[in-house]
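J.: Residues 1 to 318 in full-length UniProt numbering are what the sequence shown spells out, letter by letter.
It is possible that some hints are incorrect.
Said to hold, decoys possible - When the alpha-carbon atoms are kept at most 27 angstroms apart in a straight line, the in silico DSS-like pairs for lysine-lysine are as follows:
no.: 1; residue 1: Lys198; residue 2: Lys246
no.: 2; residue 1: Lys123; residue 2: Lys246
no.: 3; residue 1: Lys56; residue 2: Lys123
no.: 4; residue 1: Lys198; residue 2: Lys188
no.: 5; residue 1: Lys151; residue 2: Lys169
no.: 6; residue 1: Lys188; residue 2: Lys169
Worth flagging that the hints you see were computed from the coordinates, not collected in a lab.
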Amino acid sequence: MRAIQITEFGGPEVLTVADVPEPVPGPGQVLIDVTKAGINYADTHQAENSYLAASKLPMIPGGEVAGTVGGRRVVALLDDGGGYAEKALAYEPAVYDLPDGVDDSTALGLIVQGATAWLLLRKSVHLEPGESVVVHAAAGGVGTLAVQLAKAWGAGRVIATASSEDKRKLALDLGADVAIDVNTPDLKAALIEANGGKRVDVVLEMTGGTVTDQSLAALGPFGRLAFYGMASRELPSPIQAPSLLKHSTAVIGMWLPHVFRLPGDVMRRAMTELLDLAAEGRLKVVDGGEYALADARLAHEALRSRRTTGKLVLDPRR
1 MRAIQITEFG GPEVLTVADV PEPVPGPGQV LIDVTKAGIN YADTHQAENS YLAASKLPMI
61 PGGEVAGTVG GRRVVALLDD GGGYAEKALA YEPAVYDLPD GVDDSTALGL IVQGATAWLL
121 LRKSVHLEPG ESVVVHAAAG GVGTLAVQLA KAWGAGRVIA TASSEDKRKL ALDLGADVAI
181 DVNTPDLKAA LIEANGGKRV DVVLEMTGGT VTDQSLAALG PFGRLAFYGM ASRELPSPIQ
241 APSLLKHSTA VIGMWLPHVF RLPGDVMRRA MTELLDLAAE GRLKVVDGGE YALADARLAH
301 EALRSRRTTG KLVLDPRR
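All chains should be modelled from the sequences, with the hints used to inform the complete structure.
T.: Dropping the structure here:
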């Protein structure tokens, strides 16, 4: 079968098309005929071996696929990559049936980015009605969904940040109350001003560097910053515990794979709610573009340049 195979770590240039053996299901696994594969920013880290979990070569990247299993339309999370291919293996508990009215690209936008936004708001920061929410990278895959969910779940004020006017307009169209330039020299002051002169309650942050530092400084009493990525590849300043006392603030890390360690199948609860919202037309996945398998490196280049909005997908059939 055709797949993207990485045989050396590096940037987008290491993503090459190869003919590889078709995977064989083991106990508890199903073989999915892939119609679309999701492309995530985390994939760019895996390609250069800078992700939280170490990568192993040779590697077929991709942690999520939509497709069919014996006639069932499904979306699935993959345990060990393999999504950028014509066929992929998934464990049955990580396979979710798709309702009518939810297409493959929408489903792929929900299974990682949507679930991430759900977990950040529901489990990490425990959003309460009336609280202000800052969504950084608000035009991205997680950001576009977090803006909509925060608004639907009663946030008092949703403050979006993005790097371009078009991206800020998209965030406003999705329901953000205000959108500001993330590159403003004094981001802390801009966030407080955008919140009517008051410190903010919640920040969803995946940029790193000074964006994290200034966002933490903008938190009010019992404010929470949920950190779930580092797109800039720049480390924020070390956090000193006494500094958290100054405004009774909290910093929470969130990595999606840890959801599977929670009791009660929290991931299935998240997917059920997200898929229902999408089927009802109350949650929109922004189409970020579809790429042919041979153009996977172009997708990674676009992600790393931060030119993209919404959800990017790969079609392994072309």
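J.: The structure should be examined with respect to each hint, and the outcome stated for every one.
T.: A quick look at each hint next to the structure:
1. A hinted pair counts as satisfied when its Cα atoms are at most 27 angstroms apart, and Lys198 with Lys246 qualifies at roughly 16 angstroms.
2. This hinted pair checks out: Lys123 and Lys246 have alpha carbons roughly 24 angstroms apart, not beyond 27 angstroms.
3. Taking the CA atoms of Lys56 and Lys123, the gap is about 31 angstroms. The hint is violated against a cut of 27 angstroms.
4. For the hint linking Lys198 to Lys188, the alpha-carbon distance of about 11 angstroms falls within 27 angstroms, and the restraint holds.
5. Between the alpha carbons of Lys151 and Lys169 the distance comes to roughly 16 angstroms, so the proposed pair stays at or under 27 angstroms and holds.
6. A distance of roughly 21 angstroms separates the Cα atoms of Lys188 and Lys169; the hinted pair therefore holds under the 27 angstroms criterion.
Checked against the numbered hints given earlier, this structure breaks only hint 3.
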